[in-house]
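A.B. asks: Given the coordinates of chain A, assemble chain R onto it according to the supplied hints.
Those sequence lines, one after another, are chains A and R. With my numbering applied, the first sequence corresponds to residues 1 to 364, in that order. With my numbering applied, the second sequence corresponds to residues 1 to 341, in that order.
Any given hint could be a false lead.
Take a look, some chain R residues computed to stay more than 12 Å from chain A by CB distance [to be verified]:
#1 E84
#2 A155
#3 A175
#4 N269
#5 A285
#6 H324
Stretch by stretch, here's where chain R covers chain A in the computed footprint (C-beta under 8 Å, at least three residues) [unchecked claim]:
#7 36 to 46
#8 59 to 67
#9 107 to 113
#10 139 to 151
#11 213 to 221
If you're looking for bench data, these hints aren't it; they were derived computationally from the structure. All residues carry an ideal CB built from backbone N, CA and C; glycine is no exception.
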Amino acid sequence: MEYRIWPDADPATGPNSPPPLPEVRHRPVFSGRAGEYFGIWIVNVVLSILTLGIYSAWAKVRTERYFYANTRLAGAAFEYIADPIAILKGRLIAYAVVIALVLSSHFLPVLYLILIMAVALLMPALRVWSMRFRARNSVWRGLSFRFDQPAGDAYMPFFMWDIITFVTATLLYPMSSVAKQQFVVEGHRFGVKRFAFKGESGPYYPAYFVALGLGVLCFVIGIAVIGTGASASAGSDDKEGFAITMALFMLVFYGGLFFVMTYLRVRYTNLMWRNSSLALHRFESTLRVRDVTWIYFSNIVAILCTLGLAVPWAKIRLARYRAEHFTLVATGDLDEFVAASEMSAGATGAELIDALDAGFDFGI
Amino acid sequence: MLQGQWSDGRSSRLREVTVSRVGDALQADAGAEGVFDWPLADIRISPRLGRTPRTLTLPGGGRIELADSPTLDTWFPKPPSRVEAVADWLERRKYAIAGAAVLTVAAILGFVQYGLPWAAQKIAERMPAAVERSASNQVVRVLEQFHLKPTGLSAERQQALQAQFNALVAGEPRAGQMRLVLVDAAGIGPNAFALPDGRIYMTDELVELAQSDDELLAVLAHEAGHHVHRHGLRGAIESSSVFVLAGLMLGDASGSSLAVSVPATLLSNGFSRGHEREADQYAFALLKRHGRSPKDFATLMARLMEVQGVAGGEEGVIGYLSTHPPSQERIQAAEAAAKAP
Numbered sequence: 001m002e003y004r005i006w007p008d009a010d011p012a013t014g015p016n017s018p019p020p021l022p023e024v025r026h027r028p029v030f031s032g033r034a035g036e037y038f039g040i041w042i043v044n045v046v047l048s049i050l051t052l053g054i055y056s057a058w059a060k061v062r063t064e065r066y067f068y069a070n071t072r073l074a075g076a077a078f079e080y081i082a083d084p085i086a087i088l089k090g091r092l093i094a095y096a097v098v099i100a101l102v103l104s105s106h107f108l109p110v111l112y113l114i115l116i117m118a119v120a121l122l123m124p125a126l127r128v129w130s131m132r133f134r135a136r137n138s139v140w141r142g143l144s145f146r147f148d149q150p151a152g153d154a155y156m157p158f159f160m161w162d163i164i165t166f167v168t169a170t171l172l173y174p175m176s177s178v179a180k181q182q183f184v185v186e187g188h189r190f191g192v193k194r195f196a197f198k199g200e201s202g203p204y205y206p207a208y209f210v211a212l213g214l215g216v217l218c219f220v221i222g223i224a225v226i227g228t229g230a231s232a233s234a235g236s237d238d239k240e241g242f243a244i245t246m247a248l249f250m251l252v253f254y255g256g257l258f259f260v261m262t263y264l265r266v267r268y269t270n271l272m273w274r275n276s277s278l279a280l281h282r283f284e285s286t287l288r289v290r291d292v293t294w295i296y297f298s299n300i301v302a303i304l305c306t307l308g309l310a311v312p313w314a315k316i317r318l319a320r321y322r323a324e325h326f327t328l329v330a331t332g333d334l335d336e337f338v339a340a341s342e343m344s345a346g347a348t349g350a351e352l353i354d355a356l357d358a359g360f361d362f363g364i
Numbered sequence: 001m002l003q004g005q006w007s008d009g010r011s012s013r014l015r016e017v018t019v020s021r022v023g024d025a026l027q028a029d030a031g032a033e034g035v036f037d038w039p040l041a042d043i044r045i046s047p048r049l050g051r052t053p054r055t056l057t058l059p060g061g062g063r064i065e066l067a068d069s070p071t072l073d074t075w076f077p078k079p080p081s082r083v084e085a086v087a088d089w090l091e092r093r094k095y096a097i098a099g100a101a102v103l104t105v106a107a108i109l110g111f112v113q114y115g116l117p118w119a120a121q122k123i124a125e126r127m128p129a130a131v132e133r134s135a136s137n138q139v140v141r142v143l144e145q146f147h148l149k150p151t152g153l154s155a156e157r158q159q160a161l162q163a164q165f166n167a168l169v170a171g172e173p174r175a176g177q178m179r180l181v182l183v184d185a186a187g188i189g190p191n192a193f194a195l196p197d198g199r200i201y202m203t204d205e206l207v208e209l210a211q212s213d214d215e216l217l218a219v220l221a222h223e224a225g226h227h228v229h230r231h232g233l234r235g236a237i238e239s240s241s242v243f244v245l246a247g248l249m250l251g252d253a254s255g256s257s258l259a260v261s262v263p264a265t266l267l268s269n270g271f272s273r274g275h276e277r278e279a280d281q282y283a284f285a286l287l288k289r290h291g292r293s294p295k296d297f298a299t300l301m302a303r304l305m306e307v308q309g310v311a312g313g314e315e316g317v318i319g320y321l322s323t324h325p326p327s328q329e330r331i332q333a334a335e336a337a338a339k340a341p
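Isolated chain R (complex conformation):
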């Protein structure tokens, strides 16, 4: 015998009832209003969930709400939903909950560490060239706001740089699409960057900063690495997936999307740092194959650090907020690569 609240589904009135099982029927005793019964087979019971009350949906639309009780499971031995019965079984076990927490963390780490980069690589390889071009045009439109001007270098100097660059990447994968674009960009400063479709920009300010063409070629080798490894598209795929995922996982309990965007940004910057390291490794190997030294890369990096005034302070917390690995670490890696046979 169980106590419950019966509503007939036609009005909002609640009646206190005593519910019991009589043979194959459910009997509700509503006191002065009489005794009612329905065949058990026609009654639907809501799945178990925590300590919440169960609801019996009666034929004709009535409902009886009653506290959860083991008696109900003997009356309705077949769970209303097999899926939810499994979930409920797990939700009531401490070890299952702990296991779920561990599995969730492991699955997320595994996906972020291996699954997503792998998938991004596969997808990027299958993207048509038109997509790379259109993505690059978008970047160029943003860059134009920094007042890009045609390079101020002499025609001979331009030709010399172009020729050395072409010789460096000749025979490399996807070298056919690579094109060196020289620009005067006071708004950007000394820098070089690769667009997804193979355009590699280098600013006059960087050319001025470098003390030899060897240093410039070391930087261009790094940018070529970005193109060979399709970092443009991979990065875009990785960071958008991370945002969608964080949105799905960390729903809203905070009234803002801050709880979503902070972890997503941290993760996607982590991917970006990985790409930079990959491009560095590619550059070191390429330079050595051409009888050059990764030392040139270290030299220019060190000079860049001096100019930009970030002599240290990149380690620790700031390191995780950056899209690039700490410069000191990159310089050491270049020097180590130069010494290696």
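Isolated chain A (complex conformation):
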């Protein structure tokens, strides 16, 4: 297996180079329908319940296939080809880990500490295995994707950089995000062609400072709310006033945190795609903070108000929005990618990442 080749990440533009090829813009078309997906989703749920979770592996494959197959880009649909049995094996291991974590957190704090540290140490490797599995099982135009960074290499972007961010009081957060994105993007291939990433942290800083400012603002407002509440009910034993003050503080704090996280996610996702390329082809991502915030917020409200029945509608809506705000800017032909050799990837890492809800913080 070859590793790290990008012969054409920076094509030579000498005096003899041919005239530039025309650019063609391809936007994905998402054709999933909430009504249709509701049927698939609810049958998935009921079969998973009736089989005590065994069917959930098939449910996962059907769900992924539905979203992949309903996304067409440049004339071809995506395809998800994972084997449910592989997912089932990974899932059983993942469930065992999660149950052990939850139970030990209540009953055996020492064991919990050991387990959580083991999981934290393994997390970077798990991310790599997870991406390997997903890439391997994603097909477009008859070719599958690959992710081939060695698991050990993930410890720099996904472990050391987190520590550095923490030590520098988040001041290097943008550089940390660039390191992560670079690792992920450059680790991917389509056929034998490797994705390239030109990462400079400069453009990542303005968004970071805005987020930092918003965070500080929320904190100040929160403190002010508490201060006013405390002085208003000073001396008296006003429980109700205290409860209202706390509720307001939580609203400002969590609402602010939610918005700041969404803001950074959206901005950094757009930047990631802008900095990525595949051969001569570029990408554009034009997600808008206010749209995504609204979609997330209204999805939460709808899911809570329908006791979960709005989940299919919420997912379809998000997928449609993402497709509508992505563009593949192709220069020349999309027909010239060549297949890579066969290689298999296990599903355990992927399932554990899913079960621990530890997806990436970029990409919405």
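C.D. replies: Here is chain R on its own, set in the frame of chain A:
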């Protein structure tokens, strides 16, 4: 004859093909590039799913993508996956979907109402005592942050309370582990609580609030009920299961875990209210067996409500957010129990 897109699996090039069946072979006409065929038996077809296209995986790694069509089912009468064929059959039927929705709701309600409490009870009964102790030590560590001090009650008063408590629970199940701990806790206020390993804490502030020892014993009977019914461990098992379940059911379409934690918290508080009612019922029965009256419980509860200034307003929405049933309801239940023969 069907229209499809053929990729040979070696490059990303797509060729428009017209696909037809010729005997036991599949024939793809790629126009100027020629006509190709493969034995049907060597071709794998992707399972049906909604209106999504089907994929034929050819020997040698090529793929043909084509729109779903009944013709394909006559060419490939054996479904590629029996499991997915059943799922697909269900997914296309309105009644099956409605049935699945009803069944899901019923299964979740049934599990939450009966299955989970039953399982938690069984698991809690089998937990070794060391687990109860370790869980309790954790709670104590949190409590210490509220500046627990040794009780300020006189030695005689302490002994009197201990003796009355021991007499009250003597002969009750798991009474051997019960131990009354008296503490001075200004940070907590008038309160009493039971830890999973049988330690029952009562604050000096509650002792001061009570106007008779009978009232205190009524509260201690309630705490003893928590220990007898293993509410500490049961509660822990129930609330963690609810969180795992909500996480599995309500995946992520919201970008946050709020959609998971809100319903999970509501449910686990519901379990907690159930435990409080169970402990109340146990206390009323225990008090009556000892010739005491549940009326004492009502009296102290009413005084607690006065002190804490929550005279009503616990019904309605707030009621569902609380870990305890409305005090008014508990007082009425105690008074009813006192009147009953």
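A.B. asks: Could you run down the list of hints and mark each one as holding or not?
C.D. replies: Against the structure, the hints:
With a least CB separation of 6 Å from chain A, E84(R) falls inside the 12 Å interface cut-off, contrary to its annotation. Taking the minimum C-beta to C-beta distance to chain A, about 33 Å, the non-interface status of A155(R) holds against the 12 Å cut. With a least CB separation of 23 Å from chain A, A175(R) remains clear of the 12 Å interface cut-off, as annotated. Taking the minimum C-beta to C-beta distance to chain A, about 16 Å, the non-interface status of N269(R) holds against the 12 Å cut.
For A285(R), the requirement that its beta carbon stay farther than 12 Å from each beta carbon of chain A is met, with the minimum near 29 Å. Listed as a non-interface residue, H324(R) keeps its Cβ farther than 12 Å from every Cβ of chain A; the least gap is roughly 15 Å. Residue count for the segment 36 to 46 of chain A with a Cβ under 8 Å from a Cβ of chain R: 10. That meets the three needed, and the coverage hint holds. Remark: the segment 59 to 67 of chain A is confirmed as covered by chain R, as 3 of its residues place a Cβ nearer than 8 Å to a Cβ of that chain, reaching the required three.
Only residues whose beta carbon comes within less than 8 Å of a beta carbon in chain R count, and the segment 107 to 113 of chain A has 3; three or more means the coverage holds. Counting residues of the segment 139 to 151 of chain A whose CB lies closer than 8 Å to any CB of chain R gives 5, so the stated coverage by that chain holds, three being the minimum. With a cut-off of 8 Å between beta carbons, the segment 213 to 221 of chain A has 0 residues touching chain R; three or more are needed, and the interface restraint is violated.
Of the hints listed earlier, those the structure fails to meet are numbers 1, 11, in rising order.
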